[in-house]
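S.K.: Sequence:
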Amino acid sequence: MEEYLIKPWDIHRQGTGAAEAALNWDMHVPPEIDTIAEAVIKMYDMSVSSRTLITSKPDKGGAIWRIETNKGPRSLKLLHRSPERSLFSVGLQEYVVKQGARVPALIPAKDGKLFVEMGGKLWIVTDWINLQPATKVDLVGAQELCYGLGEFHRHTKGYLPPLGAKNSSRLYRWPNYYQKIAKKIGWMREMASAYSETAASPEILSVVDEYERQAQEAITRLQQSAYSKMVAMGEPHWGLVHQDYGWSNGQNGPGGLWVIDLDGVSYDLPFRDLRKLITSTMDDMGVWDVGWMRGMIDAYHKANPLDAESFDVLLIDMAMPNEFYKHLKEMFFDPVTFLNTEAGAILQRVVATDQTKWQALAELSKDKSKYAAGSYEQAAVAQSPDKIPSQASSTFIWEQKQWNLQTKKRADQTEKEAVSASSNDKQKSSKKESATKRETVPAEERKIKVVKRDKAEEKKVSSGKRETVPFEEKKPESSEPKEKQKVESSQSKQKKDAVKDKVAELKPVEKKSSSNPAAEEKEAVRSSASRRKSLTSSSASNVINLLPYLSNPGTRTPRAKTAASGRNRQASLGTVRSKRKSSGAAAKAKRTTTVRALQTKRTEASRAIAKKRQAKPLSSARTASRLGQKSTSTTKPRRAATTSASSRHGYNKVPAPRNRVTTNPARKPKAKQGMKKYKGLR
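Residues -18 to 663 in my numbering are what the sequence shown lists, from first letter to last.
Source of the hints: derived by calculation from the structure; they are not laboratory data. Only true hints are included.
Below, simulated DSSO-like cross-link-like pairs (lysine-lysine); rule was C-alpha separation at most 27 Å, straight line:
#1 38 with 147
#2 147 with 41
#3 161 with 307
#4 257 with 38
With the sequences and hints as input, model every part of the structure.
M.R.: The following block contains the structure:
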């Protein structure tokens, strides 16, 4: 049964029944995910008495539960991103906890890992921290929020993700992001012109040029700033941003402000979170208040100090028309509805708020002298986004076994390795068994088996069924697997051992020096013929049986050439050739006799058919009518079949199929239809 893969469930619930369509899926999850949550809980050393869904993300596929356990209340969270991307954030959460940040600590599962991978997603469990949101009614709450954000950024510096995690970085994307906003603001002009009949179209066309000019000016200022020198310091130098930091993800708890929901963290200039917090607060207030802006920046500076270059880039980022783009980009999804209903009120509020924006930014820019200049000259030569680890990250070592993701590919590889290991063990055991069997067989039985095999090889050679292979032929390359070659090599080794045993039993006579080489050569040939009567060439001092190797040329081993062995080999080959010649002549004569007998039978049969046709001539009326002529001729008898070239030369050739002969005019082939006739001829 395949594992259930978790996906956004608001898409899968479309087109269902009325009850499910009316259900608020922000506070519900599919039953399959509930089942997986119960299985995940069993992976931890705890007993759960109740589980309550706090919130869910049906459009992304995430959820958070509060679970009551025997070890206190805890939080169970389903991370909606891919396992590789979630591993990046889980690694950061473990990293900042060890750096001293107020972030919920991860609880390890029974296998020692700080997460559980199930349903194609990562699940984490942490202690439930009782938190309270910071106050929004005065600057004190905003300063608490900014101070806690600065602490979090300081603790993220030097982070390097565990092996296998998917890196997330926005550090080098600022110019592209600015250009995207400027381009889409231009699209808003085109959209408002295309839907000129809508209610908000005239208002958008009246202000869009100004906002596009602000975006282009911010791009120019960013290019002239120290941004390129700053990002050249590398990602670990700056640390990570939360990306969704606000009044709900930064709350007061034991010891100070706690930061939660870290599953969207990414490398970036840290004050990007501060800019988002300031501009969204000003938008909620409806006015750009310099006092609030200065107080929030000062609180952040106490926790994570800024330099003059960082403060300058922070002002440039606030000068971008971020709020205008964020609120009016909805027109790209449903332009008619949005421009006729919501766009007018939103645009009026954004324009009214921005009337105090530029005066506040001009006043705030005077604080640049309060910040010391940064040192980026040594990193100005860097052209690529190199990761430069800090001193903190160099002392933090990941235990990789606790952070490996169990992917399907790795499981398949592990299974293949296990199968190959078992096959290797079987081959080793079979080799050992064959070796022990060969050792336990008595020498007499081995001798009898070798003699029988030699006789069988001799019969094959004498009958002409097998051709000899030159001894000097090279071993052909084999494309078979190595395991099969090993088995064949072990078999060839056994054959060689058997040949050696036979040689030892035969007790060859050592070669003696003689003054008559011809007599010595005849004696060697005579002894070889009497022992085997087959293809062997050997001297008196080196008797080697070549027949077992002729059946498998790939197992032959070359031996040293000598003049005597060469002459002996030629003599033995001459004997074999004479035998083959005689056997070949006999076979040829036999084939010739058989072919001639078959040809005689065919000739007699054809003559008999011709006689029958002469005795009963076929009617030619149909042929005459087809040709347009009167014909009284009868069918001529076929000529007698003559002896073919293959019969005269004695080839063993299979005769071709003959056409069927019939005397029935109705079965004779008709003329081809569609052929034009002219004067009786077709």
